[in-house]
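Produce the entire structure from the sequences given, and follow the hints as far as they go.
Protein chains: 2
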Amino acid sequence: MRMARTQGSHSSSTGPKIRAAAQSLFAQRGFAAVSMRQIAAQVGVQAGALYNYTPDKQALLFDLMRQHMEELLSARRAEALAIVNEGASHALERFARFHIRFHLDRPDAVFIAYMELRNLTEPHFEQIETLRRAYEQELKDILSAGVKAGDFVITDLGVATRAVIAMLTGVTTWYNDSGALSRAEVEDVYWHMVRKSVAR
Amino acid sequence: MRMARTQGSHSSSTGPKIRAAAQSLFAQRGFAAVSMRQIAAQVGVQAGALYNYTPDKQALLFDLMRQHMEELLSARRAEALAIVNEGASHALERFARFHIRFHLDRPDAVFIAYMELRNLTEPHFEQIETLRRAYEQELKDILSAGVKAGDFVITDLGVATRAVIAMLTGVTTWYNDSGALSRAEVEDVYWHMVRKSVAR
DNA sequence: GTCTATACACCGATAGAC
DNA sequence: GTCTATCGGTGTATAGAC
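These protein sequence lines are chains A and B, in that order. Going by my numbering, the first sequence opens with residue 1378, and the numbers climb by one from there. Going by my numbering, the second sequence opens with residue 1378, and the numbers climb by one from there.
Be a bit skeptical, because a hint or two may be false.
No copy is singled out in the list; a pair is fine if it fits within one copy or between any two copies.
[As the list claims (entries may be wrong)] Heads up, simulated DSBU-like pairs for lysine-lysine below, C-alpha to C-alpha not over 30 angstroms straight-line: (1) Lys-1517 - Lys-1573; (2) Lys-1525 - Lys-1394; (3) Lys-1394 - Lys-1434; (4) Lys-1394 - Lys-1573.
Because the hints were derived from the structure by calculation, they are not lab data.
This is how it looks when you write it as structure tokens:
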């Protein structure tokens, strides 16, 4: 039986809307628990229409994660490029504050990037992992330079890099804008701890 | 059509087997992506038999998480009770090494405890959260005592507590027994960083 | 580009035999 | 306590009209 068309936006902005809806739902409930029908409902289209924008559900997840990681890496590199010849300690402070700020600004994307890695197919996983390692390397280079300059004392460079990132990223699991501390105060607290953790 | 019985263990150990299978599968693929049929297949029973042991799928997840958190808390308290009158620095070292050891020994349970909180119903979530806060308090008490004694300098006690736990728990995301570092070496590296992060 | 409709598979949970 | 069988629902993805 043929039915009259009941809705449908024919909008050229459907693509971004799908991405936004998927990001919000994936972060809230998890990739596996969200259906294409739920994403479509949030956008205001039927489920079949989503396949004009993504070959499948998993590719939608991958696009979100890749965009997030590329944004993270390029934002970091842009900030690093703007500064030249600063000491290792200032570079570390810049990295720590950047990391906190960037992550607190994007709670949904951050959550997905950390929780949904196992839902990527192998080639997609590899691409995300490459981006993650490149970002990690940014911090590793700072720590390495600080050790060479005698500013830092670090037992194992790789472990220290991951430890600092884990500590900083942890802020996303508890920070709330309506809590007792402002973002600037949180940045300060973490920066002091990071600084001391690699100090002489 | 009635069929002949084809398998079924009638084993009294089915309960533990179900828990083990669920833990392994939930950790690998995520709670929402695992079906009761898959768990049953790994145990060697039919899906319906699982409901002799759990009222529903979500209660199975909760039991795993509660057991893990209770084990974590009681193991920590048992170790703390065995020691009296040690300084804050030694207490912190003990906590750091305990945390790393306990978490590296239970990668599946740890992964589930951190990733699947959102799949708990509200009353179950509250119970797990209470246990998590009690464990966090163990570290907070150590840090607090160290500040009072003048051993530590900490800007914000709550943030520092969460930062140290996040740093230590991070070891589970990369450590591999066949890697370059032994568990003892990893403990040392993290302990040195934790110690300095709260130092004067 | 979106719709309606549907193919085909799988889901959690339950009923009742043994 | 486990089985077989099934209920009612939902899943991803696709086909074809407009």
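Verification of the supplied hints:
1. Lys-1517 - Lys-1573: both (16 angstroms within a copy, 19 angstroms between copies)
2. Lys-1525 - Lys-1394: Result: close neither inside a copy nor across copies, 48 angstroms intra and 53 angstroms inter.
3. Lys-1394 - Lys-1434: within (15 angstroms within a copy, 33 angstroms between copies)
4. Lys-1394 - Lys-1573: neither (44 angstroms within a copy, 46 angstroms between copies)
Checked against the numbered hints above, the structure violates hints 2 and 4; every other hint is satisfied.
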